[in-house]
Each structure stands twice: as structure tokens, then as C-alpha cells.
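Please construct the entire structure, taking both the sequences and the accompanying hints into account.
Keeping their order, the protein sequence lines are chains F and H. Under the numbering used here, read the first sequence as residues 1 to 209, first letter to last. Under the numbering used here, read the second sequence as residues 1001 to 1209, first letter to last.
No lab work stands behind these hints, which were simulated from the structure alone. What you are looking at is a predicted structure, and each value in this text was computed from that prediction instead of being measured. Hints should not be assumed to be uniformly reliable.
Claimed, not checked - The calculated label-pair distances, taken between Cβ atoms and stated as ranges, are:
id: 1; chain 1: H; residue 1: L1173; chain 2: F; residue 2: R69; range: 28 to 36 Å
id: 2; chain 1: F; residue 1: K167; chain 2: H; residue 2: P1060; range: 44 to 52 Å
id: 3; chain 1: H; residue 1: R1152; chain 2: F; residue 2: K25; range: 53 to 61 Å
id: 4; chain 1: F; residue 1: V32; chain 2: H; residue 2: E1151; range: 52 to 60 Å
id: 5; chain 1: H; residue 1: A1115; chain 2: F; residue 2: K167; range: 52 to 60 Å
id: 6; chain 1: F; residue 1: D43; chain 2: H; residue 2: V1032; range: 40 to 48 Å
id: 7; chain 1: F; residue 1: K25; chain 2: H; residue 2: S1028; range: 32 to 40 Å
Unchecked claim - Pulled a few chain F residues facing chain H out of the computed Cβ check, cut under 10 Å:
id: 8; residue: S21
id: 9; residue: S24
id: 10; residue: G27
id: 11; residue: E30
id: 12; residue: I31
id: 13; residue: E34
id: 14; residue: L83
id: 15; residue: V105
id: 16; residue: S161
id: 17; residue: T179
id: 18; residue: E181
id: 19; residue: K201
id: 20; residue: A204
As the list claims (entries may be wrong) - According to the in silico footprint, chain F covers these stretches of chain H (three or more CB under 8 Å from chain F):
id: 21; region: 1007 to 1018
id: 22; region: 1187 to 1195
Every residue gets a Cβ at the ideal spot worked out from N, C-alpha and C, and that includes glycine.
Number of protein chains: 2
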Amino acid sequence: MSSIKVIIADDHQLFREGLISLLSKSGSLEIVAEAESGDQLLDLLKTTTAHVVLIDISMPGTNGLEVIRQARELYPDLKFIVLTMHAEGQYVVKAVKSGAFGYLVKNADENELLAAINEVAIGKKYFNSEISELMITNMAIEEEAHKKLSERETEVLNLVSEGKTTKEIAAQLFVSARTVETHRVNMMKKLNVQNTAELIKRAAHLKLI
Amino acid sequence: MSSIKVIIADDHQLFREGLISLLSKSGSLEIVAEAESGDQLLDLLKTTTAHVVLIDISMPGTNGLEVIRQARELYPDLKFIVLTMHAEGQYVVKAVKSGAFGYLVKNADENELLAAINEVAIGKKYFNSEISELMITNMAIEEEAHKKLSERETEVLNLVSEGKTTKEIAAQLFVSARTVETHRVNMMKKLNVQNTAELIKRAAHLKLI
DNA sequence: TCAACCCTCCGTAAAAATCCTGAGGGCTAT
DNA sequence: ATAGCCCTCAGGATTTTTACGGAGGGTTGA
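Structure follows, in C-alpha cells:
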């Protein structure tokens, strides 16, 4: 292969510039474009071809993982390496499910990044042992926590967390107080907690509210 | 001034490497050291002198802002520029109070970073208008939220967030249920919320639990 | 079509939280 | 020593949540 064409998608300009500066020193690859949001990436993919995209998960607008899903339908040969701060299993699992070919945390070093790019570019997957472990550990948890909240439930949860009372919520949603209570009870069962306090805590930690 | 000596403290190796690569291209400064944690920074300051430290807030071990406080007592001439992802007013305010001379979000560009380093190195402060605005906006809020929770209150809050009931908490802490209620009420007043649900949410967001 | 959700609704009763208001002793910093 | 917190405790009234245990109609995917 001549030189690997790479696109960088990250909302932090300094990080992008740093990466570009770093990767430019390597002769085997070429940075053909950069994007500061998922939407911008999808846009520039219409006109730019590349082999590998380094992408951050958390970006303004469309989520990085969602971008991967969309892009892989349109450009099946394009390979994505997720490059993120999040060293949590749940993110790794989601990234894999979204179709990422590699996953690196931002405290990886230059050599690892180059290795990952080279591996992924030839169609291999790159997940180091640390990441693989996170993924496995998370699978079990994932099984338990797979029961997601429905849209309506999330709506109620948000109002509850704002300190609104069941009656107020019922009035606002034009349903009976009973319904609101049912939603709350169902959420508590799903998240396996005993009362509202714990529910809010879990929801907050799961970034649901 | 000959060349500005800079230390980089950030727990993400790729970010450090990127920054080094980026800043090396400028002739007016020299990167003399790097640290991947606050404690490591404090350690290397014992043997290394520098003019400016670029520091991230969120690092393992001692918090970046706490590091600044400690370091400024020992090395009053050392200037800190906070370089972070957090574009929230509360962080800016805390950084200023901790004695930071500059504050940049990681999506600043290379020119801004160089400008900030040069300004700060000669003893000036560097906060661009966006950051200043955040700070001002936050001052009012800060005034209200300055009432911190006491140790006992935090203890109660933790138990509440675990779904424990007032009675259970009272039993566990060997005090009356009344006392626990009082603590809760006081916390709600301090955090300016209406009920437990909102209390937990605020506490979770403030990283208190 | 049938299972599996989702959203809606209910009666009753016990348990818990919230709202009033008030207070005494201890510690600390000015 | 005086103000200002912290921690402790309370009676009584009101409001809210939680625990029981259903149930019917709608959508969706295997």
C-alpha cells in the first residue's frame, strides 16, 4: 500500500493539531482531512476518500458511534478507530457494536496509535488486551442492564429529577397520577433500585438525566 | 527572555505528545518536562525549574487545581495555564481562585495557546473573552452555591442516595430520625432544591455522590 | 398469530417525606 | 464574647410515595 489516508474527527482543535503534528512525522501515512463534529465528518466523506478515520466518541451534534454506524452503511471499506478518554467497558462494547475496528484511549502512546492505524488499514482489528478485558467484563453487566427505559419513562424520570411531584407531572403530561406512578415503579424495577432517591442516583450516573 | 520553559501535565499521553510535537515547532519555547499526574508534577518540580505549566484539571490522584494551590506556595513565580475540556463557568472560577494565570479549553487553536503562554510567561493573565464571560456568569451562581455541605450532611446524603430510608439512616448513625430529617432539610436549603429527588440529582451532578 | 413490550388507569392502606416552628449545647474564628 | 455554623432533637399536620395486584388497548417483530 502506498500511504494510508487518515481522517481525524475530534472536537478539540488542539488535540487535532497535536495529532496531525505527531502523525506527520511518520512517512507511511497521510492526513487528508479533519472534522470537528460528526456531522462535518459525514459531510466531508461525500467528497473525500480515506482508509482510516480516527474518531472521538463525544462530539457536539451526532454522536461519534452513531456517525460510525451511518458511515459504514455508505462506505463499507472505511475503517474507524475510536480514540477517546473513556476507558469504560460500556463504551468499548458500544464501539464494537457500532462497527469500530479499533479502540484506543487517549493515554495510549504514539507507537500504539501507529500500530493500530497500520493494523486497521489492512482490515485487521486492533484492541489491546486492556481494552479486550474491559469489554469482556462489561458483557455480563450489559446483559443485566439491557432493559432500557422507554421514551415515556425517560420523560417522567426527567420531571421527577427536577423535583416535580407526581401530580404535577401527571398534569403536565395530561395523564393520570396513577400512570406516572406506574412509570416510576417500572423504572425502579428495570434499574433494580428500591426508591426514587436511588433511581435518581442511578439515572444520573448512567447519564440518563 | 531567552526561551520560555514549559512543563506539560496531562494524563493523556497522546495529548502530551501532540502538544510537544506542536510546540516544538515554535522557537521561543522549550518543553522541559511532562507529568501524567498531579503528584508526579509536584515531584518533578522539586528538581526542575520552569516558567509555565500547562495543566489539565482532571487527572488521577491529586486534582489539578489542588496541585496549583500547593505548587504556588512552594514556587510563587511559577505560572499555571489550565488546559481542559471543561468549558463550564464553575471550573473557570475555581481555576482562578486556585491561582491559575490562564485558562484554555482544549479546542483552542495553536495560535491561542502560544499567545497564552507568552502572555502568562511575562506575568500577565490570559483569559479570552469567552472564558471571562463564563466566569462572570458563574459568579452569581457561585454566591448562592457557596454554602457547602457539612461532613455529617454528606454522610446522610450518601445514605439517602443509596435508597435508605430516614429510619434506617437514623439507626445506622445512632441518632434520631428527626436529626436525619433536619440534615436533609438543611441540605435542600443549601442546594436550593425542593425535595429529595432534586437533591440527589444536584448532588450527583456536583459529584458529591 | 402470538409473545412481548409500551402506555394507560385504578382502590386501598400503610409508610414515608415534607412543612410548620422551635431549641439547646458545642466549636471556632473575629 | 459574640456571631455563626454544626449537630442534635421534637410534636403535629399534611402531602406524597410505596406496596399490594390487576387490566385493557396498541404496536412490533419473530
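Checking against the hints above, which ones are violated? Hints 1, 7, 10, 11, 12, 13, 17 and 18 not satisfied by this model.
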